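Each chain, letter by letter, is given below.
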Amino acid sequence: MTVLKWAVILSGLYSVVALTYLIFKARSFGRRTAYSTPQGSPSRGVIYALGKGMMPWEKESARLHILTYMGGMLYHIGIFAGFGVLLAGILSVEIPPLLREALRLCLALGLISGLGLLLKRLLGPHGRRLSLPDDFGANIFVDIFIAAALVTLSKPEVTFFFLAYSIFLLIYIPAGKIRHCFFFFYSRLLFGLFFGRRDVLPVRPVER
Amino acid sequence: MSQDYSKDVPLAQRLERLGPDSYKTAVFRLAKTIDAPSAVHLESCVRCGLCAEACHYYLDDRDLRSIPAYKLNLIIRVFRRYLGSGGRLASAWLRTRDFDDGEVREWIDALFGRCTLCGRCALSCTMGINVPALIRKARGLLASMGLVPDGLASTVAAAEETGNNMAITREDWLETVSWLEEEVQAEIGDPAARLPMDHKGATMLYVVNPREPKFYPLTLTAAAKIFHAAGESWTLPSTYFDVTNYAYFSGDDEVAGLIASRLKGEMERLGTKTLVLSECGHGFSSNRWEAPEWLSQKIGYEVKSVLQVVADYVRTGRIKLDPERNPKTATLHDPCQLVRLGGIVEEQRLILKRAVRDFVEMTPNREKNYCCGGGGGQLSMTAFTARRRSAGRIKAGQIERTKAGVVASPCHNCLDQLAELNKYYRLGVEVKSVIELAAEALVLDKR
Numbered sequence: 034m035t036v037l038k039w040a041v042i043l044s045g046l047y048s049v050v051a052l053t054y055l056i057f058k059a060r061s062f063g064r065r066t067a068y069s070t071p072q073g074s075p076s077r078g079v080i081y082a083l084g085k086g087m088m089p090w091e092k093e094s095a096r097l098h099i100l101t102y103m104g105g106m107l108y109h110i111g112i113f114a115g116f117g118v119l120l121a122g123i124l125s126v127e128i129p130p131l132l133r134e135a136l137r138l139c140l141a142l143g144l145i146s147g148l149g150l151l152l153k154r155l156l157g158p159h160g161r162r163l164s165l166p167d168d169f170g171a172n173i174f175v176d177i178f179i180a181a182a183l184v185t186l187s188k189p190e191v192t193f194f195f196l197a198y199s200i201f202l203l204i205y206i207p208a209g210k211i212r213h214c215f216f217f218f219y220s221r222l223l224f225g226l227f228f229g230r231r232d233v234l235p236v237r238p239v240e241r
Numbered sequence: 007m008s009q010d011y012s013k014d015v016p017l018a019q020r021l022e023r024l025g026p027d028s029y030k031t032a033v034f035r036l037a038k039t040i041d042a043p044s045a046v047h048l049e050s051c052v053r054c055g056l057c058a059e060a061c062h063y064y065l066d067d068r069d070l071r072s073i074p075a076y077k078l079n080l081i082i083r084v085f086r087r088y089l090g091s092g093g094r095l096a097s098a099w100l101r102t103r104d105f106d107d108g109e110v111r112e113w114i115d116a117l118f119g120r121c122t123l124c125g126r127c128a129l130s131c132t133m134g135i136n137v138p139a140l141i142r143k144a145r146g147l148l149a150s151m152g153l154v155p156d157g158l159a160s161t162v163a164a165a166e167e168t169g170n171n172m173a174i175t176r177e178d179w180l181e182t183v184s185w186l187e188e189e190v191q192a193e194i195g196d197p198a199a200r201l202p203m204d205h206k207g208a209t210m211l212y213v214v215n216p217r218e219p220k221f222y223p224l225t226l227t228a229a230a231k232i233f234h235a236a237g238e239s240w241t242l243p244s245t246y247f248d249v250t251n252y253a254y255f256s257g258d259d260e261v262a263g264l265i266a267s268r269l270k271g272e273m274e275r276l277g278t279k280t281l282v283l284s285e286c287g288h289g290f291s292s293n294r295w296e297a298p299e300w301l302s303q304k305i306g307y308e309v310k311s312v313l314q315v316v317a318d319y320v321r322t323g324r325i326k327l328d329p330e331r332n333p334k335t336a337t338l339h340d341p342c343q344l345v346r347l348g349g350i351v352e353e354q355r356l357i358l359k360r361a362v363r364d365f366v367e368m369t370p371n372r373e374k375n376y377c378c379g380g381g382g383g384q385l386s387m388t389a390f391t392a393r394r395r396s397a398g399r400i401k402a403g404q405i406e407r408t409k410a411g412v413v414a415s416p417c418h419n420c421l422d423q424l425a426e427l428n429k430y431y432r433l434g435v436e437v438k439s440v441i442e443l444a445a446e447a448l449v450l451d452k453r
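Protein chains in written order, with this note's numbering: chain B, 34 to 241; chain W, 7 to 453.
Hints should not be assumed to be uniformly reliable.
Ranges of calculated distance between the beta carbons of each label pair, as one might list FRET restraints [claimed, not checked]:
(1) Ser244(W) with Tyr68(B): 47 to 53 Å
(2) Arg275(W) with Phe218(B): 55 to 61 Å
(3) Gly434(W) with Pro71(B): 40 to 46 Å
(4) Leu100(B) with Glu167(W): 51 to 57 Å
(5) Ser302(W) with Ser125(B): 43 to 49 Å
(6) Asp106(W) with Met34(B): 50 to 56 Å
(7) Gly277(W) with Tyr54(B): 50 to 56 Å
(8) Val184(B) with Val366(W): 44 to 50 Å
(9) Gly25(W) with Ile173(B): 50 to 56 Å
As a list, the in silico EDC-like pairs of lysine to aspartate or glutamate whose alpha-carbon atoms are at most 16 Å apart [what the hints assert, rightly or not]:
(10) Lys188(B) with Glu134(B)
(11) Lys359(W) with Glu330(W)
(12) Lys30(W) with Asp107(W)
(13) Lys310(W) with Glu93(B)
(14) Lys374(W) with Asp232(B)
(15) Lys188(B) with Glu127(B)
(16) Lys30(W) with Asp104(W)
(17) Lys429(W) with Glu406(W)
(18) Lys374(W) with Glu93(B)
(19) Lys374(W) with Glu91(B)
(20) Lys359(W) with Glu406(W)
(21) Lys334(W) with Glu446(W)
(22) Lys279(W) with Asp204(W)
(23) Lys143(W) with Glu59(W)
(24) Lys58(B) with Asp41(W)
Simulated from the structure, these hints should not be mistaken for lab results.
Note that the structure is a prediction, hence the values are computed from the model and not measured.
Even for Gly, the Cβ is constructed at its ideal location relative to N, Cα and C.
Please construct the entire structure, taking both the sequences and the accompanying hints into account.
Written out as structure tokens, the structure reads:
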């Protein structure tokens, strides 16, 4: 078991290093100096992009697809809960009963949401044709991870499988779309800089 | 000239001319075109498809190819094939593609024919991907291969070769301005009213859309009347007067830079302090935001939209407007390049609220407004006319719901598209520019 735990840690390290490499690789394409004079505040744009700008009332797409938005939020909460269970497993920490129940709820909702999003991608009007095999794969791999974490909470005897599976997932993360876990923040940052600079976002108070 | 626009050779023939080397060169250029922000955005799309309803093309035809994520992924699959990580190893899993004839044809149809670069999808994107910036880069790659669709190619070529996109000669321009000056003087009964030409040391250099002297002289005289009423120190340039820059839409940064540098040259020649841009969405984006980047230098003068200038006159009382002179209910169409991508949002509202008796907003409005369908070079690309008109249905519906009698917009591309939609969808509205409405409401002091 100790060897397996070290293997998980090493996989996690590999994942972080590979994701960092991908970020640096993207940065290596070079950034040009912005010569135009800003009209608004880039920093306010960034704060908006990483905060209020992600709220459903700020984004039409989230408002129109509120169930998908909520599903996405719960899915990601479930993923974080799964990593919480993984960390506890590696450190051999006993999870307090109340926290265990909270994790169980998060994982269950996350799993349902993940499967729901998978179904939407499969059955939605354009989801299947818009998607790559990687999109389905990533969803299924993460769903299995959440499910394994959920089972592990009730049946500690499957911890071995959960840890072994986590190695696979951690190694897969940088290879496919799950890399967005790193790129998301960078992309939102750039979004905030662009629209903040141009004084488009955050929206100015209306002049009367 | 950076590439062969071949305005006399149809796009279909230009496509036939391509050989294997053309694609290899294009991929090499792609590597040079992509910068870090583009690479980050290209790695970020999760194909959630939530951007679909942000696009007026998709709202109209519900076609997969109109979904912004689909258009973006045309670029992603080529980017990953040649420049991404694991693209060659996992090509089936990531569905990467070779950049070949089939791919190029799909790019032209989707990236030129189903996108106005309006940027509405960027605001809706969960990841915050700047989709129009990436599509513009991809258009630039096609431009480098000489594959800009007919119409847009010839518009860019006309600007490059003659100095303005309608190939108006200097003589015609000077003659038109002289004639318009007489018109303004007669109309307001003041021989001191001028349309000054090449007035060195004036505070403002005013540049216009060639459509104004050619087809809509009233918008030029409207601005002249307002400047006169405000006692402004301004001038028109005798040589390069074109506010537009269609290379912004073709994606060709080299030609865009050349066009932008001409206005910079006029500013320096005349020693003016502020470059004032007439009502033009992409003209604003090009000259205010992109020109310094194309020229790789800070520009030593201010660049303003005429809306900012006139709104300032209104705020400070330099001009007086009487809203009773515009009694019909008016609504406002926000040009994407000026508002969502330009940051000029409230100035036009301030002017209209003082210039018309009854002003109503469209829903949605401001940065969330729908594109009218005339941007992105669509008006010049006749191959996509039917699609443009059809997608304009979304804007037509917005206008109809306001029950307004007048639709104002501070952009000549938008005005042309709105006028066409007005006829096509029988909206029964008057289509006017914001400055025209302001000039109609202008209260002139007897001097």
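Hint check results:
1. Here the CB-CB span from serine 244(W) to tyrosine 68(B) is close to 28 Å, at odds with the stated 47 to 53 Å.
2. For arginine 275(W) and phenylalanine 218(B), the hinted distance range of 55 to 61 Å is not satisfied, since their beta carbons lie about 47 Å from each other.
3. A C-beta distance of roughly 42 Å is found between glycine 434(W) and proline 71(B), which places it inside the suggested range of 40 to 46 Å.
4. Under the hint 51 to 57 Å, the C-beta atoms of leucine 100(B) and glutamate 167(W), about 54 Å apart, fit the expected range.
5. In this structure the supplied range 43 to 49 Å is violated for serine 302(W) paired with serine 125(B), their Cβ-Cβ distance being about 58 Å.
6. Taking the beta carbon of each, aspartate 106(W) and methionine 34(B) are about 52 Å apart, inside 50 to 56 Å as hinted.
7. Taking the beta carbon of each, glycine 277(W) and tyrosine 54(B) are about 52 Å apart, inside 50 to 56 Å as hinted.
8. At roughly 58 Å, the beta carbons of valine 184(B) and valine 366(W) sit outside the given window of 44 to 50 Å.
9. Range check, glycine 25(W) to isoleucine 173(B): about 43 Å between beta-carbon atoms, so the 50 to 56 Å window is missed.
10. Note on lysine 188(B) and glutamate 134(B): the hinted pairing holds, with a Cα-Cα distance of about 14 Å set against a maximum of 16 Å.
11. The straight-line distance between the Cα atoms of lysine 359(W) and glutamate 330(W) is roughly 11 Å, inside the 16 Å bound, and the hint therefore holds.
12. Using a Cα cut-off of 16 Å, the hinted pair lysine 30(W) and aspartate 107(W) holds, with the two alpha carbons roughly 12 Å apart.
13. A threshold of 16 Å between alpha carbons decides the hint, and for lysine 310(W) with glutamate 93(B) the separation of about 30 Å lies outside it, so the pair is violated.
14. Taken as a hint, the lysine 374(W) and aspartate 232(B) pair is honoured in the structure, with Cα atoms around 14 Å apart against an allowance of 16 Å.
15. With a C-alpha separation of about 13 Å, the suggested pair lysine 188(B) and glutamate 127(B) falls inside the 16 Å cut-off, and the hint holds.
16. Of the pairs offered as hints, the one joining lysine 30(W) and aspartate 104(W) holds, with about 10 Å between alpha carbons and a cut-off of 16 Å not exceeded.
17. About 13 Å separates the Cα atoms of lysine 429(W) and glutamate 406(W), which keeps this hinted pair within 16 Å; it holds.
18. Of the supplied pair hints, the one linking lysine 374(W) and glutamate 93(B) holds, its CA atoms being roughly 8 Å apart against a limit of 16 Å.
19. Our distance criterion of 16 Å between C-alpha atoms is met by lysine 374(W) and glutamate 91(B), whose separation comes to about 10 Å.
20. Between lysine 359(W) and glutamate 406(W) the CA atoms are separated by roughly 20 Å; this puts the pair beyond 16 Å, and the hint is violated.
21. Annotation: proposed proximity of lysine 334(W) to glutamate 446(W) holds, straight-line Cα distance about 12 Å (limit 16 Å).
22. A C-alpha spacing of about 14 Å is found between lysine 279(W) and aspartate 204(W), which places the hinted pair at or below 16 Å, so the restraint holds.
23. Restraint check: the Cα-Cα separation between lysine 143(W) and glutamate 59(W) comes to about 23 Å, which exceeds 16 Å; the hinted pair is violated.
24. A hinted pair counts as satisfied when its Cα atoms are at most 16 Å apart, and lysine 58(B) with aspartate 41(W) qualifies at roughly 11 Å.
Figure legend: structure checked against the earlier numbered hints; hints not met, in rising order: 1, 2, 5, 8, 9, 13, 20 and 23.
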